[in-house]
Amino acid sequence: MPQPQSQILKQLPFPMVAMLAGSLLLGVAYNSASPLGVRAAKAQESATAVPSATSPSRTGYGNETISLTMESARNPRVPGSPYGNQVVAVGLEPVQPVQPMQTAPAQLTFKNTFPSLVWPEVQLLQKSGEIMLVDARMTTYFQAEHIPGAVSLPANSSETELTAFAAKYPKATPLIVYCGSSTCPMAHNLADLLASQYGYVNIKLMPGGFAEYRIAQAQAGTGGGK
Amino acid sequence: MKVTLDLNLKVLLRWILGVLLIWASISKLANLQDFYGSLLAYKLPLPDFFLRGTAMCLPWLELLCGLMLLAKVQLRSALTWAIILFSIFVLATGFAWARGLDISCGCLDLSLLGLGSESELVKVMKSVTFAFFRALLLTVGAIYLLRQETKAATATVR
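Going down the list, the protein sequences come from chains A and B. Following the numbering used here, the numbering of the first sequence begins with 101 at its first residue and continues without gaps. Following the numbering used here, the numbering of the second sequence begins with 2 at its first residue and continues without gaps.
Chain B with its partners taken away, still in its complex shape (with noise of 0.2 angstroms):
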């Protein structure tokens, strides 16, 4: 039996935006209330019930999408959440920019991949800025990703 490794374009973006989500979802997981006080110091116009509904369920939309992203399981469904997901992300953090604060994006957990939470690298990372640019990134990618999608589906019903 011939196995052959299908490592295109889209496979790996599908890989990158799943584990993504995946390690997203595990960091906010681990300390919810960090990730709610990271909500909080993003200063939003919204009202308070609205950030803790979101602390509470945000985390797990993105660890379904990432897990169906990585699955191969309803993918445009998972693809439309994940693209909703980065483009409230980049508009959240560009809000956070243009005011000038100075924030953990309260994204990642980098100390998962043992940085420590001093080093510059790791400072930079968790900056709003770098965090802005990252969303709006893999929104576009989502949104390439999706567009394959359809029009792979559409081809194969043709």
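With the rest of the complex left out, here is chain A (with noise of 0.2 angstroms):
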């Protein structure tokens, strides 16, 4: 009996949508699962840009205790340490620390070296309000999410938007850097170009990233960045 090719076409529906339901669940359960997924919805920003003495301390981490002695005329910096004298006690349960990531591969090649932190640290920092966290991934990504109060300046930024980033910040401004992930060179590449060509003496990088904070807050519970 033959099959009129509508009749074909009538078979069609169901296997279509069973695909696109497949895939949707499969999207849902991967990129929920996976700390460098795509989040459903953007989460709210946690973060102020540069927070205030007065703000109440967020903690992402089980039951941490910090305390943080700020920086002022009358509590003068601790020799060897640009951030102040920082008390930092951990409270009563243990924290899991958040494995700093591997480093970029070895084939490539800077021309400075920084000091690496992880993002416990640098979370501490920003807290202070005493460091600029400077995010050297390609402005749609930025966009896209970013870590609360971090500011966009792309490692291929023009020379323009360099210039423009310099006048606005200080030589002296303490700056962690950070791009994606462990294997991505652009926040060396910016962190190189700024202390080369613009003077930043400050400066440091987070080596995992975007990725790292993604890390921590799936740890901690509290969803994405901005």
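Source of the hints: derived by calculation from the structure; they are not laboratory data. These numbers were taken from a predicted model, which means no experiment stands behind them. There may be inaccurate statements among the hints.
To be verified - List of simulated lysine to any residue pairs, SDA-like, C-alpha gap at most 20 angstroms:
1) A/Lys-304 / A/Thr-240
2) B/Lys-124 / A/Asn-256
3) A/Lys-304 / A/Glu-230
4) A/Lys-268 / A/Glu-230
5) B/Lys-127 / A/Thr-240
6) B/Lys-127 / A/Asn-256
7) B/Lys-44 / A/Thr-239
8) B/Lys-152 / A/Pro-113
9) B/Lys-73 / A/Lys-268
10) B/Lys-44 / A/Ala-140
11) B/Lys-73 / A/Glu-230
12) B/Lys-44 / A/Glu-230
13) B/Lys-44 / A/Gln-243
14) B/Lys-44 / A/Ser-252
15) B/Lys-127 / A/Thr-239
To be verified - From the derived model, a few chain A residues whose C-beta atoms are all more than 10 angstroms from chain B:
16) Pro-220
17) Leu-262
18) Met-286
Ideal Cβ placement from N, Cα and C applies to all residues, glycine included.
The task is to assemble the complex, starting from two chains supplied on their own in separate frames and drawing on the hints.
What follows is the structure, given as structure tokens:
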């Protein structure tokens, strides 16, 4: 018995809907589980760019207790520490540290070396309001999501953009530069550029990048960035 | 036992479509945030939740389509989805091209072939213009295959 084309086409919807449903399920499951997955909705901004000393402390790592003593004229800088005399007391239960990511591939060569920090250290410094977090990824990625409080300065920025950044932030500003993850060299490229051509003297890197931040947020159960 | 290799145009086309879809899906799944960033770079007049949903699910749909094409399972459904996906891609790249956006298409990860991102060949292959014509060609190929498959199915029943 002949089977007309229209009848064949009528058989299409069910498998097609099944494929779409399968993709939806896989997509949602995978993206929820993966720290580098895309989230269904933008998370709310959870920190301000430069937190004030009076802003409430937000702890993202269990029941840790963080006590910060802010640097001031009456409270002089500890020798050797560019960030003042912070006192960090970690509370009752052992805090699971976020493992630093592997460093950038060995074949990459950079002009300078910079101290590296992991996200929990960066978070503390950011809360103290004494550092500037710089996102070296492309602007579209920054717009999609970024660490709250970070400023965007893509590694491939034009000279005008870099000059504008240099004019806005003094050379002594402590900068912490990050990019996507440990495999992305853009943070180091940007740090090299800022140090060698724009005279920034206090640059550190967060080699784990946005991925490390995302993993920390997932462990703390606080969702993603902005 | 005699094994004959029936490497005709239809089989070749099905394999090309399947492999390209799998390649494209793996490229996206390897870095979903990059893919989402690429979607944003197209500056399509679509709401953010739709783009996020697309970034989450489209690579999996591509992977399913690719695998089904290679395995010759539910071929007509897979081809119909492939046509829909390629058509959307034609529209998106055409839209970006018409507005002169200088962006990477965000479709295939050429580093999987060992090509450096700085080479001229890679720049051309990643350009929106190239992506537009490639998607157009793939759409035509998928439509041709679907027509052939539908004809064959009709003939088999007869």
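Now the hints, each set against the structure:
A C-alpha spacing of about 24 angstroms is found between A/Lys-304 and A/Thr-240, which places the hinted pair above 20 angstroms, so the restraint is violated. In summary, the hint linking B/Lys-124 to A/Asn-256 is supported, as the alpha carbons are separated by about 16 angstroms, within the 20 angstroms threshold. Proximity of A/Lys-304 to A/Glu-230 is assessed by CA-CA distance (about 13 angstroms); at most 20 angstroms being required, the pair is judged to hold. For the hint linking A/Lys-268 to A/Glu-230, the alpha-carbon distance of about 16 angstroms falls within 20 angstroms, and the restraint holds.
Note on B/Lys-127 and A/Thr-240: the hinted pairing holds, with a Cα-Cα distance of about 17 angstroms set against a maximum of 20 angstroms. The hinted pair formed by B/Lys-127 and A/Asn-256 meets the criterion: a straight-line CA distance of about 18 angstroms does not exceed 20 angstroms. Only pairs whose Cα atoms come within 20 angstroms are accepted, and B/Lys-44 paired with A/Thr-239 is accepted, the gap being roughly 13 angstroms. Distance restraint check for B/Lys-152 and A/Pro-113: the Cα-Cα separation of roughly 18 angstroms lies within the 20 angstroms cut-off, and the hinted pair is therefore satisfied.
Taking the CA atoms of B/Lys-73 and A/Lys-268, the gap is about 60 angstroms. The hint is violated against a cut of 20 angstroms. Taking the CA atoms of B/Lys-44 and A/Ala-140, the gap is near 19 angstroms; set against the 20 angstroms cutoff, the hint holds. Between B/Lys-73 and A/Glu-230 the CA atoms are separated by roughly 60 angstroms; this puts the pair beyond 20 angstroms, and the hint is violated. Taking the CA atoms of B/Lys-44 and A/Glu-230, the gap is about 35 angstroms. The hint is violated against a cut of 20 angstroms.
With a C-alpha separation of about 12 angstroms, the suggested pair B/Lys-44 and A/Gln-243 falls inside the 20 angstroms cut-off, and the hint holds. Pair hint B/Lys-44 plus A/Ser-252 holds up; C-alpha atoms about 19 angstroms apart against a cutoff of 20 angstroms. At roughly 19 angstroms between alpha-carbon atoms, B/Lys-127 and A/Thr-239 fall within 20 angstroms of each other, so this suggested pair holds. Even its closest Cβ contact with chain B, about 22 angstroms, leaves A/Pro-220 beyond 10 angstroms, as expected for a residue assigned away from the interface.
The Cβ of A/Leu-262 sits about 20 angstroms from the closest Cβ of chain B, beyond the 10 angstroms cut-off, so the non-interface label holds. In this structure A/Met-286 is separated from chain B by more than 10 angstroms, as the shortest Cβ-Cβ distance comes to about 12 angstroms.
Of the numbered hints stated above, those contradicted by the structure are hints 1, 9, 11 and 12, listed in ascending order.
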